[in-house]
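Trainee: Residue numbers (the numbering used here), protein chains in the order written: chain A, 1 to 324; chain B, 1 to 316.
Hints were generated in silico from the structure; no laboratory data involved.
Watch out, some of these pointers could steer you wrong.
Claimed, not checked - Under 7 Å between C-beta atoms, here's a sample of chain A residues computed to sit facing chain B:
hint : residue
1    : Q215
2    : D216
3    : Y217
4    : K219
5    : A220
6    : R222
7    : G223
8    : G225
9    : H235
10   : L237
11   : P238
12   : N239
What the hints assert, rightly or not - Partner residues aside, some chain A positions facing chain B, computed with beta carbon under 10 Å:
hint : residue
13   : I160
14   : L224
15   : R230
Stated by the list, open to error - Computed spacing ranges between beta-carbons, pair by pair:
hint : chain 1 : residue 1 : chain 2 : residue 2 : range
16   : A       : S227      : B       : P95       : 17 to 25 Å
17   : B       : L253      : A       : T144      : 28 to 36 Å
18   : B       : D185      : A       : W145      : 41 to 49 Å
19   : B       : L258      : A       : T144      : 40 to 48 Å
20   : A       : L191      : B       : P95       : 34 to 42 Å
21   : A       : L229      : B       : L258      : 29 to 37 Å
22   : A       : V149      : B       : D117      : 37 to 45 Å
All figures in this text were calculated on a predicted structure; none of them were measured in a lab.
Even for Gly, the Cβ is constructed at its ideal location relative to N, Cα and C.
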Amino acid sequence: MSDPGSVSGGAGLEASAAAGVDQASHVDDSSQKQRKPRSLWSDAWGELRRKPTFIISLVIIAVIVLMAIWPTLFTSVDPRAADLDKSLQAPSGDAWFGYDLQGYDVYARAMHGARASLLVGIFATVLTVLIGSIIGIIAGYAKTWLDSVLSRFADIFAGIPFVLGAIVILTTLNAPTENPGVARIITQVVLSIAVLSWPVAMRIMRSATLVAKQQDYVKAARGLGASPLRIVFRHLLPNTVAPVLVYATIALGAFIGAEATLAFLGIGLRPPVVSWGVMISESRDYFQSAPHMLLFPAGFVTITVLAFVMLGDAVRDALDPKSR
Amino acid sequence: MEFRTRDGVAKVLNGVSYHVSAGETLAVLGESGSGKSVTAQTIMGILDTPPGFITNGTIKFRGEDLLTKSADERREVRGEGIAMIFQDALSALNPVFTVGFQIEEQLKVRRGMSKADARKRAVELLDQVKIPNAKGRVSDYPHQFSGGMRQRAMIAMSLALDPELLIADEPTTALDVTVQAQIMDLLAEIQKERDMGMILITHDLGVVADVADRISVMYAGRIVEHADVYELFRAPGHPYTESLLESLPRVDLRGQELKTIKGLPPSLTNIPPGCPFNPRCPRVFDRCVTEVPAVHNLGMGRTSRCHIAEEVVARD
Chain A
1 MSDPGSVSGG
11 AGLEASAAAG
21 VDQASHVDDS
31 SQKQRKPRSL
41 WSDAWGELRR
51 KPTFIISLVI
61 IAVIVLMAIW
71 PTLFTSVDPR
81 AADLDKSLQA
91 PSGDAWFGYD
101 LQGYDVYARA
111 MHGARASLLV
121 GIFATVLTVL
131 IGSIIGIIAG
141 YAKTWLDSVL
151 SRFADIFAGI
161 PFVLGAIVIL
171 TTLNAPTENP
181 GVARIITQVV
191 LSIAVLSWPV
201 AMRIMRSATL
211 VAKQQDYVKA
221 ARGLGASPLR
231 IVFRHLLPNT
241 VAPVLVYATI
251 ALGAFIGAEA
261 TLAFLGIGLR
271 PPVVSWGVMI
281 SESRDYFQSA
291 PHMLLFPAGF
301 VTITVLAFVM
311 LGDAVRDALD
321 PKSR
Chain B
1 MEFRTRDGVA
11 KVLNGVSYHV
21 SAGETLAVLG
31 ESGSGKSVTA
41 QTIMGILDTP
51 PGFITNGTIK
61 FRGEDLLTKS
71 ADERREVRGE
81 GIAMIFQDAL
91 SALNPVFTVG
101 FQIEEQLKVR
111 RGMSKADARK
121 RAVELLDQVK
131 IPNAKGRVSD
141 YPHQFSGGMR
151 QRAMIAMSLA
161 LDPELLIADE
171 PTTALDVTVQ
181 AQIMDLLAEI
191 QKERDMGMIL
201 ITHDLGVVAD
211 VADRISVMYA
221 GRIVEHADVY
231 ELFRAPGHPY
241 TESLLESLPR
251 VDLRGQELKT
261 IKGLPPSLTN
271 IPPGCPFNPR
281 CPRVFDRCVT
291 EVPAVHNLGM
301 GRTSRCHIAE
311 EVVARD
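The shape of chain B in the complex, shown without the other chains (with noise of 0.2 Å):
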């Protein structure tokens, strides 16, 4: 194909709906709980049924829809198309396996590569997620490798097959500080050479600023902000965004007792009717328990799911 585009559209969950261009990161952001995870997950088609169904919606790749696809079609896809990378690369990786043999099984399987070229590639990919000694480190066992690198050889394993699409759900959470700045900085120059769109699945505001070109703020399954980076951090649109700022530790405040979010995040079960953020929003009025808002539109591609969106953004 001439056009490297994917315009994927979920609408899975409650609404929600997102879409990654070429070359182009969009964070998803959200607590714990706040369907993050699942949403990456359906778009995978790796969501176990039972318990997951889905009842409507369209996940479109490359302008087609995944979910009208049989079994073994959405299987290439996965890999070739669209790649994920986990939280947990311990777990993520298979302990009886060698890291090498991980990424060489798919270059053999899925490219038909003799076992010399596929472990040549999976040298050239390990070096390229900067495992030092890439040669000599291939046939380690992934219990060998420390946390980082486990996640530098999940990540060359989610590359092998060049997808198009890198979903990376919560990359950094399992690592330590230090660690998970070069970690979100091999994965943002990888995407630039490679010209990937990347969901960045994150609870880490300060990860976002730093790599997305858009946000997507999840809340109780559903999207309750979308926005450019640089105009959620300058202006959010919805309450709920507000105040995960607002409870970010700031410099300038120091001394001062940290904000918070009162209150715990609904129950998927039984979410309270309305906006399923009323019962924790500063801003809430009588419609925001009645009432379930509507999308309002922001401008610049800009939407909150608030009744007073406008307001909100205005800074009132």
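Chain A with its partners taken away, still in its complex shape (with noise of 0.2 Å):
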């Protein structure tokens, strides 16, 4: 190839760009089909599209989210619809799922109920994993006693265990006698989550700052004078962001559990809310002589928080390059 440095002007650059465009078609020009920008990410595609465990996961999470969003396309029944004289019937060809003690069907509150829960688990996730996120890439990129400080923050509430923890928090907010809002408590459920939770994100992502931030395109960075900020945020963040990623889809559903246990024990959410957790909750004095009550919406659950924990597993091995 010519010398282009003594190319005087941009036409001269082109034409001799062209050539080597030209000449490296001629050379290899299978190559030139099969080869596509392939990154970590369409890797990790690849990789996942061949997994039966992460399509089954994908579609029990479709179907979920279908029912949060229009549950009335599985049911036509309206969970608020109560008739006494069904009370505590057992599951039937008109009401799959029987009845509870009011006489709602239970298959459309199970279907109504949906929506609840996994707004608070998502909404519990994507707080957890901002907080923890920006508070671990802080840690683990800044000096040591900033790093020390906000690590020892973390040990605070990582130390609380959780559920005693959100007792103390959502009794303290809401006295015994008041039954606060919709929005209220859900807002108040997610933060009790998002507060008790963020030191696991902020500890994985803390690590995976400090693993990356040993690479030399950091120092790379630095040296053609990138902005601390900008190292962070650009070059350190999406190095960083697969592991956080990996733990927000298998929090998402040990949060829809959480949901649960705190409806269950009568501080989360609670009726006329409907959701598992609540259901739950409503089945508690009926176990022996209406389990139905309990074993739908918990079932529910169960494959919700299975069905995203697989996803977590699926995606974790896609993205973790010495697992191939």
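Starting from two chains that each stand alone, build the complex the way the hints lay out.
Mentor: Pasting the structure below:
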């Protein structure tokens, strides 16, 4: 190839570049077609598409999401239409999941309950991951004293047992006698889950950042004059986000379970909100006489949690190049 | 500026001091752990503090001391004034971005170029470092490049802001011999074209002989000899350099056992008293163990930190 630096005008440069293209296309025509930009993400996607656990979990999650968005697709029965005549009736052709104490259709309520459960799960996950990631990446990149302060701060929250912490927070916020509104109680449940869970995301992000910041490309970016903010959010974040994403998928399932736990204890979502947790909580006194009241909503929670855990596992395997 | 001169005087580590002018190549030669890369990273200001602290000294660039500047002012110099090439291009390129993006980013941020202009310039730069089919490869990821191509891409990246001084930290160590030669030729060519100063950090005497104008030989965190490249190869002025040259494989001494320097370089936390090279020096005598040798001026810009530098250079 000619000496490109000695070319004075842009036209010459383009000509030589074009010549290069020509030349290369003659040399290997075949590889031109197969070669498409493949990143970590597209590699992971290719890997995932061939994984049965991923497909299964994705289908389950898709159905549940659909349920949360349009519950009326699955049932035409009003979840708040009580018929006391049918109280505690077992499952039948009429009502597949039977009726609960108030004579509500359990199937209809399970379909409508997906929304509240999923909302709590999604919001709590987003909040947990956001808080955890930001603090984690700062702690991981920062100088040692700030890292120590942030890490100890996270340790304080990590040290609080989840259920105990949530009971304390939610009972403090709501006096036993009052009945908080729907939006308020959802917000409170989401916040208390996030406040008690962010240290996990923070630790994952921090350790990923500690590894990534040793890489030469961080030094190279600094060496080319990139600002610290740019390095952290532009260069580090894409390299550290994978393990946190994996945690997020698993956490989403866990948080749906946490919603059920808190509702069962009577401090989380509560009627008139319809959620799986609320349904389990309502079945509390009738396990023996009407087990269907417990089994169906509990089954939905279990399957949803399982689907997200399976998804998280599959994503983790796909994003870890060493597991291939 | 009319005068594109930059005189950098770095006095880090243990009295390390060198300077580079426009269009000149200084080779910093030394074995692993002699402080070559640390010096380079100190100049760039990308050494982590802690653990690295600069206790005293100056780093002058375009006549101004970089160490007295604010962090933001120093950041301005990086990329535009001084750029650096790393040894392992695979780890020095961000795996999640395309090669093109990594070149374009600087142009967009520092030069305010539009996306299309930056892409055009990135292709030009890749073309300048002789990546075939630059237009097609600009949107490839680093792992899709071969080792030599990655190093070329790395060079293109460091040239994007037209630096006046390029620090190449063992740019060919991770490559095989034929590719090494290509990369060194490329660097030499680009340097000539752009009239850039270059600091070439290496432990490879062969690389040095081809490209460098002057050589600084480092040992245990200090410069033991500094000389013009021809002078150094003709008559080394320090026993360490002498031993290094003797340990090169030579065609005319085929079949004989290769000479080596016995022993290991001293740990930098425990440098022996006197001359740091004294435990391994073939010319050691009593003064070496007690007295740190002063810098001996051997004329023609040559210096050596040896008590008997004059004797060594005279090949006695």
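Trainee: Now look at each hint and say whether the structure bears it out.
Mentor: Right, here's what the structure says about each hint:
no. : hint                        : in the structure
1   : Q215                        : holds, 5 Å
2   : D216                        : holds, 4 Å
3   : Y217                        : holds, 4 Å
4   : K219                        : holds, 5 Å
5   : A220                        : holds, 4 Å
6   : R222                        : holds, 4 Å
7   : G223                        : holds, 4 Å
8   : G225                        : holds, 4 Å
9   : H235                        : holds, 6 Å
10  : L237                        : violated, 9 Å
11  : P238                        : holds, 4 Å
12  : N239                        : holds, 6 Å
13  : I160                        : violated, 33 Å
14  : L224                        : holds, 4 Å
15  : R230                        : holds, 7 Å
16  : A:S227 / B:P95: 17 to 25 Å  : holds, 21 Å
17  : B:L253 / A:T144: 28 to 36 Å : violated, 53 Å
18  : B:D185 / A:W145: 41 to 49 Å : holds, 48 Å
19  : B:L258 / A:T144: 40 to 48 Å : holds, 46 Å
20  : A:L191 / B:P95: 34 to 42 Å  : holds, 36 Å
21  : A:L229 / B:L258: 29 to 37 Å : violated, 52 Å
22  : A:V149 / B:D117: 37 to 45 Å : holds, 44 Å
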